[in-house]
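Novice: As they're listed, the protein sequences go chains A, B and C.
Quick note: the first sequence uses the numbering used here, first residue 830, plus one each step.
Quick note: the second sequence uses the numbering used here, first residue 16, plus one each step.
Quick note: the third sequence uses the numbering used here, first residue -16, plus one each step.
Hints may contain errors.
Said to hold, decoys possible - Facing chain B, according to a computed beta carbon distance under 7 angstroms, are these residues of chain A, among others: (1) D875; (2) Y932; (3) S935; (4) Q1035.
Stated by the list, open to error - Straight-line C-alpha distance at most 20 angstroms; calculated EDC-like pairs for lysine to aspartate or glutamate: (5) K1156(A) to D141(C); (6) K1156(A) to E57(C); (7) K1156(A) to E65(B); (8) K1088(A) to D1073(A); (9) K33(B) to E65(B); (10) K120(C) to D141(C); (11) K123(C) to E54(B).
As the list claims (entries may be wrong) - Sample of chain A residues lacking proximity to chain C, with all beta carbon distances greater than 10 angstroms (derived): (12) W876; (13) F1011; (14) E1029; (15) N1039; (16) W1101; (17) T1135; (18) Q1158.
Quick caveat, the hints were computed from the structure, so don't treat them as lab data.
Beta carbons: idealized from backbone N, C-alpha and C, even for Gly.
Residues per chain are reported as follows:
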Amino acid sequence: MYTQSFNVPDNAGGKTVPLAPSTEDPVLQAAFDARIDADGRIEPQDWMPEAYRKTLVRQISQHAHSEIVGMLPEGNWISRAPSLKRKAILIAKVQDEGGHGLYLYSAAETLGTSRDQMLDGLHSGRAKYSSIFNYPTLTWADVGVIGWLVDGAAIMNQVPLCRCSYGPYARAMVRVCKEESFHQRQGYEALLVMMTGTDEQKAMVQDAVNRWWWKCLAMFGPPDADSPNSALGMRWGIKRVSNDELRQKFVDATVPQAKVLGVTLPDPDLKWNEERQHYDYGQIDWAEFWETVNGNGPCNKERLATRVKAHNDGQWVRDAALAHAAKKQAREMRDAA
Amino acid sequence: MTTALKEWPLWEVFVRSKQGLEHKHCGSLHAADAAQALEMARDVYTRRQEGVSIWVVQSKDITASNPDEKGELFDPAADKIYRHPTFYEIPEEVGHM
Amino acid sequence: MSAAIDYLLHLADNALVLGQRNAEWCGHGPILEEDIALSNVSLDLIGQARLLYQLVATLKGGDCTEDKLAYFRETHEFRNYTLLELPHHGPLSGYAQSDLDYGTTIVRNFLYSALMALLWEALEKSANADLAAIAAKSLKEVRYHLRHSRDWLVRLGDGTDESHARVQASLDHLFPYTQEFWVQSPAEAAAIAAGIGVDVTTLRADWDAIVDAALAEATLQRPAVGGYVTEGKRGIHSEHLGFLLAEMQSLARAHPNGVW
């Protein structure tokens, strides 16, 4: 499961812009602020500022879109999984991502936006999703590395969201996080086993790590200095830890795991900083990141077209189920009369 | 059919995690009818043995209290402390009561 | 023992091939809830296949494993019903490509689950205790698959004009393949003689009843059958199984000494 740790405006075509000042009723606003300050929870029927509602819908729906688009890169290997055990694990894992998307769409629906409206945003290209899924899965090792690193990065992001100020989002995240640790562990374990195998297998793992490492670091979003909306998200309790802090936490946690696995991380600047008590790391290529976010990565068009096709091809099935439910209800009413 | 009807209705799902416990709200999903909502709830919300029984109810059929009336609805219970057993002091020799 | 092995492979290959097909919907379903439902069906089937292959591996002994059986046998060694290897769309040659059609998926799952709901129940009394235990577990699973596919069959049949026409076409396409169910293969005959297997022809009247009741509710016409009877369970397959296996086995075969 994968959140975008940043919250990109869906159609600003680029960097985040600060929100306009509030024009809400000052009394209601004050009560809302007080509840947020007291670390209280906001529930669907409570009053909330429009900007809070809009930000949440955008963030939760981007998160949900990321889950269902995220089914595709790993789904790419289900049919070719190299053992029946790994096949079952992978199906269960990709299925979970679908479940996470579903929990999140449901959470966003409590804010008055329907799933169809959100899907329309995705399918029309207006809505964003995590840019990590616009990269291809080229070998079986990518499946393991996505579990270990991509899910690992996502967990860093998502654990704090379990305490998010919006009740339905927080509850969805609790459910998601419970299921998530299976995802990271299965990925890491799959890699551990491959590293006991043939030289080709080991090379496959290292190659996958090389291709995914920097993309995972970018998943945490732009540096805090370039994320004006992050501050507002923190103020509202829908973002609990800053991008850079989460990224650092991820690097610190991952370096020893890489060592146990026996792979190197592709960053010559990666080294322990005794003074900071953290690992230093090199420059992330933000130009590439924004290109991919804005639609020009290697798989953006394929991912989106695949989702649109599944939705369009399923229209007759969804219509049939509704038509049948209506017919059945009409028959029952007639029989009761 | 109008476009507004194109989306499957939303259902709330309640799961009993084991025999003897109450059903608890665990989330929602879309389904065309009740039978389908039950099956989908089974597939979506009990993949890890989370339940032994499921209820589904269409979300629009739930009537909720108004948060603006929270004061008049719930605050009056706050001072009825005599409803709680700890309000009463009983001599120790009586033992557990 | 060879009777048992051939029969178990037939059951295992059925489960694996249909599990592989159902998993093709993961990420591509008509609605998110159905992606999850079909993944569950697929996981059940792959689970059944694994138990059966493990049992075969034990009987064969040596270095045989479930994965050797799944990944390193050739197309003609697979013993599944031809019905189960077909792609999710109407009649097209093996290398022809088409979209996933949900009606085809549902009809196939229904026709097979209706049979297996009866067969697994009968196999609970198999003289092979391991097979009887697998049957008991699989019976619960297939009852749910039958319920899922039957409900959808009724929704699609008695839904819109379009869905009715589409699912009738799927039924017309797939129904002739069920003739294979009722023609006993040598492996089945040997397994019946050994008390391990069940004579499927004794289940035919019950299968007809399940199918006819569902088709009536779905307002669908039962197609006439006749003509060519497929022989997948004797290793003579359609053009499609070769492609399915080529994809499924490619990675394992590229790394015969790999560990996963």
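Novice: For every hint, state whether the structure bears it out.
Specialist: For each hint, the structure was consulted:
| no. | hint | result |
| --- | --- | --- |
| 1 | D875 | holds (5 angstroms) |
| 2 | Y932 | holds (6 angstroms) |
| 3 | S935 | holds (4 angstroms) |
| 4 | Q1035 | violated (33 angstroms) |
| 5 | K1156(A) to D141(C) | holds (8 angstroms) |
| 6 | K1156(A) to E57(C) | violated (49 angstroms) |
| 7 | K1156(A) to E65(B) | violated (34 angstroms) |
| 8 | K1088(A) to D1073(A) | violated (23 angstroms) |
| 9 | K33(B) to E65(B) | holds (8 angstroms) |
| 10 | K120(C) to D141(C) | violated (32 angstroms) |
| 11 | K123(C) to E54(B) | holds (15 angstroms) |
| 12 | W876 | holds (31 angstroms) |
| 13 | F1011 | holds (14 angstroms) |
| 14 | E1029 | violated (6 angstroms) |
| 15 | N1039 | holds (20 angstroms) |
| 16 | W1101 | holds (33 angstroms) |
| 17 | T1135 | violated (7 angstroms) |
| 18 | Q1158 | holds (13 angstroms) |
Going down the numbered hints, you'll see the structure goes against 4, 6, 7, 8, 10, 14, 17, while the others check out.
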